[in-house]
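> We have chain A already, so just place chain B on it with the hints.
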Amino acid sequence: MSNSNNHQLSGIKKWGFKKSPWVFHLSTGSCNNCDIEILDALTPRFDIERFGILLVGTPRHADILLVTGIVTVQALPRLLHVYEQTAKPCLVVAVGTCPCTGGIFDGSYHHVGPLDKIIPVDVYIPGCPPKPEAIISGIVKGLAKL
Amino acid sequence: MLFPHGAMDFFYFIIFPGFAFTVVVGLLSTWVDRKVSARIQWRVGPPWYQPFADVAKLMGKETIVTERSSRMTFLVAPFIGFAAIILVSTIVWLANIYPGSSFVGDLIVVVYLLYLPSIALIIAGSSSRNPFGALGASREMKLMLAYEVVFLFAIFTVVVKNGGIISLGGILDYQASHGAMLSQGASCIIAFIVALLYMPAKLGIVPFDIPEAETEIIAGPYTEYSGAILAIFKLTKAMLLFTLPIFVLTLFAKTVWTPWTILWYLLILVFIILVKNTNPRVRIDQALKVFWLPMLGLSILGIILAAVGL
Numbered sequence: 001m002s003n004s005n006n007h008q009l010s011g012i013k014k015w016g017f018k019k020s021p022w023v024f025h026l027s028t029g030s031c032n033n034c035d036i037e038i039l040d041a042l043t044p045r046f047d048i049e050r051f052g053i054l055l056v057g058t059p060r061h062a063d064i065l066l067v068t069g070i071v072t073v074q075a076l077p078r079l080l081h082v083y084e085q086t087a088k089p090c091l092v093v094a095v096g097t098c099p100c101t102g103g104i105f106d107g108s109y110h111h112v113g114p115l116d117k118i119i120p121v122d123v124y125i126p127g128c129p130p131k132p133e134a135i136i137s138g139i140v141k142g143l144a145k146l
Numbered sequence: 001m002l003f004p005h006g007a008m009d010f011f012y013f014i015i016f017p018g019f020a021f022t023v024v025v026g027l028l029s030t031w032v033d034r035k036v037s038a039r040i041q042w043r044v045g046p047p048w049y050q051p052f053a054d055v056a057k058l059m060g061k062e063t064i065v066t067e068r069s070s071r072m073t074f075l076v077a078p079f080i081g082f083a084a085i086i087l088v089s090t091i092v093w094l095a096n097i098y099p100g101s102s103f104v105g106d107l108i109v110v111v112y113l114l115y116l117p118s119i120a121l122i123i124a125g126s127s128s129r130n131p132f133g134a135l136g137a138s139r140e141m142k143l144m145l146a147y148e149v150v151f152l153f154a155i156f157t158v159v160v161k162n163g164g165i166i167s168l169g170g171i172l173d174y175q176a177s178h179g180a181m182l183s184q185g186a187s188c189i190i191a192f193i194v195a196l197l198y199m200p201a202k203l204g205i206v207p208f209d210i211p212e213a214e215t216e217i218i219a220g221p222y223t224e225y226s227g228a229i230l231a232i233f234k235l236t237k238a239m240l241l242f243t244l245p246i247f248v249l250t251l252f253a254k255t256v257w258t259p260w261t262i263l264w265y266l267l268i269l270v271f272i273i274l275v276k277n278t279n280p281r282v283r284i285d286q287a288l289k290v291f292w293l294p295m296l297g298l299s300i301l302g303i304i305l306a307a308v309g310l
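Chains as they are written, first to last, in the working numbering: chain A, 1 to 146; chain B, 1 to 310.
Same shape as in the complex, but just chain B:
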């Protein structure tokens, strides 16, 4: 059973691990991103409530649907990714809080649900009838082909290493009795490095912000979006920035939830921000090369090492 207390479903989805909690922490994470970037560029940076002000403003603005776009798809696309990320957050956090709520295969469910924000982006870009949107959608498609295989292999390494457990609760139990996955040997460290490098691509952050490269293609799939539905996209990105590192931490480094876990999360966040601020954007063919040659080799090496027991 996913939810031990049926009446609590609403609370889980809307308030605590789901919508409200993830939105607030996710927006604060985007503030950390902007503030640290500003400090790196020797600026002061925005105040802590900046992302909230952005969303409040976008909610109050006009939503324009372009004349020749396919209206229904254009309006529904942001909510596909948004709903998926709420579900991911709920499943991952509930598995952490009540390990009993985890079911066999929820790891696979989470991996599938994590595809949806990217797919929503592709749908949005294609339906908006904008050349920049179409370009952004096509780039996102290629980038997805590049990074998802690699991340799947990193997760596969964890599964091979712990002997075929494919539920988050099972992985957490395993780590509680055997120590964090990261301390289990070289294969998991390699898989963790692969997952770390996968995160900027999934989150659309430099050096892999190719689909929405604002210096080349305006805002990519977001170009025609305005008002409340643009705010939904911003929220989805913010929530992903929080949920994805937590998911990776759950897989690799979860022993007990202590203040150290927050530090772990902040460390991953700052790593992503530092990579963002010290690297230029790569081209789409370079991104494919990075992910399909060295990274794929690395992740296959991880699986082989895990299979022989390292």
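With the rest of the complex left out, here is chain A:
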């Protein structure tokens, strides 16, 4: 597995990527708490379309993978599959404590490991669950890193 998500962007492509990040939401065995917070962040109250952020249904269109949940043994092949299907360059965002560290599931029989042991991660958003504001702030920081 490569060590970066290939962030060699410049000029107008970089501008486009920063102004129009489309997110794909992937749960790898989460308790559904972070998923609901992600849905909250997508509501009209926060209106993230102001920044060009859209939720897309397929990893082929995605620029940002929002990964929630500890990576379980069963979810691992699916995670790798979706990561390989995503058109690069892309950002990988670990939403919640579970993909960041494993949280209380660290060392369990079904826990493969923190997300960054499996695929390169750009942004960590800890919290159980993180607030929608924290998720938006994390994505903005990830885009600033480009």
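Misleading hints may appear alongside valid ones.
If we take Cβ atoms under 10 Å as the criterion, some of the chain A residues that face chain B in the derived model are [stated by the list, open to error]:
| # | residue |
| --- | --- |
| 1 | Lys13 |
| 2 | Lys14 |
| 3 | Trp15 |
| 4 | Phe17 |
| 5 | Pro21 |
| 6 | Gly57 |
| 7 | Ala62 |
Since the hints were made in silico from the structure, they are not lab data.
Glycine included, every Cβ here is placed at the ideal spot set by N, Cα and C.
Chain B in isolation, oriented as in the chain A frame:
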């Protein structure tokens, strides 16, 4: 002759009425769509350069061709619709600017070329070897069967009404001397209403976005597309959003090009957006019923009225 000045062909196709102009105005139209939708939902909405940023980003992304798709068809499909819509835009605008460039039957050519974006979608969905793509392609096929007949009848009403003129330039001349088609009687008003309801279906906008229903079948035919070829599809849709209302306006409401024409176009656009934001998606069988029963009846009534001179 389509083009009075042979050396200007390149300019016509690439810069003014063709590619560049239609892309810019079409992308701005999609911004109007997103902005008005956002305001209806009590949001702020994206900035005006949003569609340009989307396209710039998609151009910079990786293009993935799936292993088991038919590679050539998969890559060529977006360009079929794209080329067709550039041609439609060029023919319609040149007929408006230089009525002499219009030739007999260009109305029929435009109608045929307008089929191509939908056919490109069907080819794309079928060649991508994705179940969602296949479903989307099959739905687009059924939807095409539903709406194209009705639109053909609406155009037929105009042709019957103006006494068998089948060139855009001829229709424009007729309107210049007799007043806009819309003011010619009940038959043309009925045909215009039919054409208005046809537009969301052709453009793939709610309530007729059945082929790419993102809540049911991910993105339909677009599911496997990524990067630059997805951008071509986005551009085709944006250009269609601009060209189709202009084509309908040319048929029904063209007298002189004034700032009012822009207002007419914006009115049609906002009508489409309002319908989009206040209606749920219909099922494919409901769409067929809508188009084949009430709408077909309405458009046949239009032809009969036109034939008896109303």
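> For each hint, tell me whether it holds in the structure or not.
Verification of the supplied hints:
1. Lys13: holds, 3 Å
2. Lys14: holds, 8 Å
3. Trp15: holds, 7 Å
4. Phe17: Cβ of A:Phe17 sits 5 Å from chain B, so the hint holds.
5. Pro21: Cβ of A:Pro21 sits 8 Å from chain B, so the hint holds.
6. Gly57: holds, 4 Å
7. Ala62: Interface hint status for A:Ala62: holds (9 Å vs cutoff 10 Å).
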